[in-house]
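Combine the two chains into a complex, taking the hints into account.
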Amino acid sequence: MTAKSAAPPAKPKPGWRNAAQVDVARSRWAYAIGAVIGLLMAGFALFTAKGTSTLVVPPEDVALVNQQPISRVDFDLQIKALYNVTSSQATREQRQAVLNQMIREELFVQRGKELDVASVDADVRTAMVNAVEQGIGADVLASRPSDDKLMAWYVEHKDAYSNEGTMTVRDLVFPADVAPAAAQALKSGQKVDAVVAQFKGKDSGRVNGEEFYFAAKIHLGDQMFNAARALANGQASAPIPSSDGAHILYMVTNTAPVPKAFEEARAQVLADYQKAAITRLQSGDENFFRKRANVQIAEDLR
Amino acid sequence: MVGVSRRDLGAMGRWFGALDVRMRAVAGLLLVAALGLAVWAVLNGQAEARLLSADPDTLPAQPALMRFAAERGEGVFKSHCAACHGQGAQGHYTLGMPNLADADWLYGEGDISDIETVVLYGIRAQNSRTWKLADMPAFARPRPYPREPLIQPLTPDDIRDVIQFLRVAQGQPANADAAGRGAKIFATRGGCYDCHSHDARGDPAIGAPNLTDPIWLFGDGSTKWIYDSIAYGRAGTCPSWVNRLSPAEILEASVYVYSLSHGRTSPKPSLP
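Taken in sequence, the protein lines are chains F and B. Quick note on numbering: our numbering labels position 57 of the first sequence as 57, and the sequence is numbered without any gaps. Quick note on numbering: our numbering labels position 131 of the second sequence as 131, and the sequence is numbered without any gaps.
There could be a bad hint or two in this list.
In the SDA-like style, the derived pairs of lysine to any residue whose C-alpha atoms are separated by at most 20 Å in a straight line are [what the hints assert, rightly or not]: (1) F:217 with B:158; (2) B:78 with F:144; (3) F:260 with B:223; (4) F:275 with B:123; (5) F:80 with B:110; (6) F:275 with B:134; (7) B:132 with F:132; (8) F:260 with B:110; (9) B:132 with F:77; (10) F:260 with B:224; (11) F:291 with F:279; (12) B:224 with F:213.
Quick caveat, the hints were computed from the structure, so don't treat them as lab data. Fair warning: this is a prediction, and the values are worked out from it, not measured in the lab.
Isolated chain B, as found in the complex (with noise of 0.2 Å):
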């Protein structure tokens, strides 16, 4: 068994004195290093802890946890999102991948739950827990969408006419008869109003995109999107993380992302 006398500690202490200068400022500030070190991974330990057993739809009104996680969410976005989602989040128009720097949510509500709960299994991923409820039909194909046979395929003619009914639900100019053609399709057989709601203005539950907006998930909301939307379908994903990442990571990401749109620390309004 070693033990460490008084006289060792004399010892230690004199090995220090006949160090020079150098060498004391050396080691001096690797103690100082080491030990700030720890302290540092205590507190951010703390901080984790306290950030992963908050309820994420609280965290808004915690600034100081806000920022630590956006912070540290940023690092997780870049390295695993930032692929598809662009650096600065805003998307890619070609591939179907949202904006996540603008106020407009496809699942859910925006809240962070609802950003870490498709950070965790992702959309149309390879997870039984993903969001998969829906895709769009591809209308220009013999079965439309195989999932439900009754939905049949549409003409181009009826195509352009749903077309014309979305340029009045944005307020556009359009042909009128066109358009009138195009709001029976989009309620009757088309079976549009069955994701996108009956005022097009689309279902978050589902992420059916609000078609009323300016906003377009693939595309540039030119005609000839529009109609290769409508007429070959669409599907986007999004990967599942779970188990890829660690859960303090996949919070991290959902706060920074969540902070994009909101402002840092910025809490969020309370409901009317």
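In isolation and in its complexed conformation, chain F is listed as follows (with noise of 0.2 Å):
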């Protein structure tokens, strides 16, 4: 065993509280390892940021025209659209041509930019305007309302979700002087066809078995529709007076539009629920538009 020798003071522990006890090799360290992430950072933003000039071009592109992407999936669309292969089966020629076909008409859309062709052009600014509206559009579409929303629509606007009423009636002409008769003869119960018999009636010819309310609507006109509408199955109506003689509707079968469950009226529900929206968002952002432009409005249009 050797005795122990007598220990040198000990070092004092770095710190940073202490200006004096910072370990300057950790500091630069640490100051170096902050310097290459932000380097890698910057480089990281400045390289994939939009607008960024970049000499590789993007796999998800097949060409940069000043800067201007030229999507692989429009290259890929294009050469199936014109050649009917993949753009793995077409030939080099076929792929190059489609290539510069693209290269020629972003070429072009750039000068036309360049020319402000859209401040004279009409159907640029129709263009301009469909797609603008359709980008807020789209923002509706993407996103799909619960179907809480949905119900409260569908509870809102019930009556809208209605289906066509059906009827099914016959349209009798009688005598004018024996159309009181008949009618009561109809609405005592007697068969249609002795009742037509008797009185000398006929059958107009205007419907034909069972109609959309819509197409009886058309045929009859308003006024006798109306009166139909109102009758129940087995009814006949009071006689209409008309150039032809007296019209007396009989009732044979009358199918009054009901609404929808829910669930059958679900797409339509969402689509006017999308419509309505896409409608209201267009609105509030032309809102926008006029609110940030300065619109000068000459002295006799004010």
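So, in structure tokens, the structure goes:
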């Protein structure tokens, strides 16, 4: 066993609170690592941000024209549309032809922007208006409303989700002088054909078999349709004077419009809900555009 | 200018050595994790680049790339598509959302590029390149199809006759006389043949469903639902995701959808 020699005085541990104890080497390392991370982040942001000039064509594109990408998907679609083959099945010449065409289009679009074609070409203006409107609407389609919202919409607009009523009605024409008696006979429950024969009536031929309400309305005219619509099955109307005699309507079956159940109407409810949301959003955007714009109006039109 | 000398490296080593075991373990783990993350990011980036630059229809022959895309696409699908198509992509018959896990394709032939086109530009979406060539007319309305004024309304009996014709087309029992009348309406004044083809097998170029199979886009195939489709029309929609999702996300979601009905990595059968 050797005797323990006296230990040297303990070196104070480095600490950051006291400047005299700061470990310079460690600080430099921390500084260097921070700088590298910062540079990496800056580089990543710089080379991936939109509008960044780059020498590398991104894998999702087939070309960059003045840094404006030509999408690979559009290129593939164009090849399929023109040659009915996929891009890998297309020949080099076919691919080249499509690419050249797409580059030409992009160059002309860019030139069009330089020339401000939109300010003079009505078709371009219309296309731009449509594109902006569609862009606003696309946000609505991309977000599915909850079932609760759809149900609330359905409850609020239930009448819009009714099916079309149908009726099978006979439009009988009688001489005006016997029409009241014929109507009375029909109301008393006599058979229609017997009443027609007895009072020398005839079928007008305007309606034939079961018809939707809208069709019956077109065929009978508003006055007679409204009279028919109020009839229950087996009822006859009062005589309705007309140039060709007196019409009596006899209702065989009348099925009034009935609101569809939510499940049955759901697709239409969704479509209507989205349509209303698109209209609302487009209107809101228009208001915003107007607010931020400096619109000056000629004195005579103020 | 700050330089890092050999002496500094030595100091760094000593500093690391001075740490207790737990701190050394944590520091080591962090370093390994950072390196792993960097390697993973590089490999992922490379795989994504290969995926994006490939012809989509050749992907089924590249199982590793398919697996990579389908795994990532599942997340995209569940975040953006499942709200309508369901978590299992089984669709929703009251909304006309098709089942994406079966082999029946409404638009196109079910190739990855077909699916990708739908994801990109949607169906009847707010996009000039969307699929919107035709809607199902509403034959119980005065103007069944405003885009085509020649199409005239049908009567309730006409609609019932067409349904009988469809029952025959599906190999189901039906009233022969009514089916005969329905066939005539289908092929003439109804104009149904124009989209659904003369044999009622549909047209994937315009998204007209095959009416001879047991798969129904809207409803359950009952007379009530078919009647409603003919009487009041249909026009389902799918949003356009171009400029909303990245090209990689769109392709990955398309690969995922493709994989649901084709098996994750099975190659596409070659044409005869």
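Hints versus structure:
1. F:217 with B:158: holds (18 Å)
2. B:78 with F:144: holds (13 Å)
3. F:260 with B:223: Holds, because 15 Å separates the two Cα atoms, which is no more than 20 Å.
4. F:275 with B:123: Measuring from Cα to Cα gives roughly 15 Å; hence the hint holds.
5. F:80 with B:110: Measuring from Cα to Cα gives roughly 15 Å; hence the hint holds.
6. F:275 with B:134: holds (18 Å)
7. B:132 with F:132: holds (18 Å)
8. F:260 with B:110: violated (34 Å)
9. B:132 with F:77: holds (17 Å)
10. F:260 with B:224: holds (11 Å)
11. F:291 with F:279: holds (18 Å)
12. B:224 with F:213: Measuring from Cα to Cα gives roughly 19 Å; hence the hint holds.
Violation of the numbered hints given earlier is confined to hint 8; every other hint is satisfied by the structure.
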